[in-house]
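Enquirer: Build out the structure end to end from the sequences listed, making use of the hints.
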Amino acid sequence: TGERIGLPKLSIDFKTCSEQELKVYCRRDVEIEFENFKIFIRFLERNHIARLCYTRGSTAMAAFLLNHYTTKIYIHNNKQAIKLERDSYKGGRVECFYLGELKNDNYYMLDVNSLYPFVMRNNVYPVKYKKISHKVTPKTLGRYLSVKAVTAKVLIETDEPVYAVRR
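Residue numbers (the working numbering): 15 to 181.
You may find that some hints are simply not true.
Simulated restraints on C-beta separations [claimed, not checked]:
#, residue 1, residue 2, range
1, Y68, S25, 26 to 32 Å
2, P140, R60, 28 to 34 Å
3, I96, N136, 54 to 60 Å
4, Y112, I26, 26 to 32 Å
5, Y177, K117, 51 to 57 Å
6, R180, P140, 15 to 21 Å
7, E109, A166, 20 to 26 Å
Just so you know, these hints were derived from the structure itself, not from any lab. Since the model is a prediction, treat every value here as computed from it, not as a measurement. Beta carbons: idealized from backbone N, C-alpha and C, even for Gly.
Expert: Encoded structure:
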């Protein structure tokens, strides 16, 4: 991240460096962290995000709650529903489509850690437990999905590698 902000990370041989070289190296690391933090604070200010939290995820949640949260989320204690909800949570897809050195083209670095507020704003998610149904037909599920958000345990057969798999 130092290169991105104009403060390239220094290189050092920890086995042979002097104390002065180590001080210069460590000072640069602190400068990089400090500049990144200032950039982050400016981002929060520009986007009217009033809370700085301990993690990026909790800061993203605070931003969502502050700027986009309009639907009450209900808490329940149905153990079977809680298990289904927790089993349905997946992290993002991470896959390497190419290994090796890339040459002769433009490349972009993307930070996908900030997708959480985007998907929360642009998609529908269940916010209130209604009921658990078993052996629901595709037609009935389609009817549910036309008016509500649904969390479901389903078996799919597909040739497209676009679904999260927990192994």
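Enquirer: Now look at each hint and say whether the structure bears it out.
Expert: Tested hints:
no.	hint	in the structure
1	Y68 / S25: 26 to 32 Å	31 Å, holds
2	P140 / R60: 28 to 34 Å	32 Å, holds
3	I96 / N136: 54 to 60 Å	26 Å, violated
4	Y112 / I26: 26 to 32 Å	31 Å, holds
5	Y177 / K117: 51 to 57 Å	33 Å, violated
6	R180 / P140: 15 to 21 Å	19 Å, holds
7	E109 / A166: 20 to 26 Å	25 Å, holds
Hint compliance for this structure: hints 3 and 5 are not met, and every other hint is.
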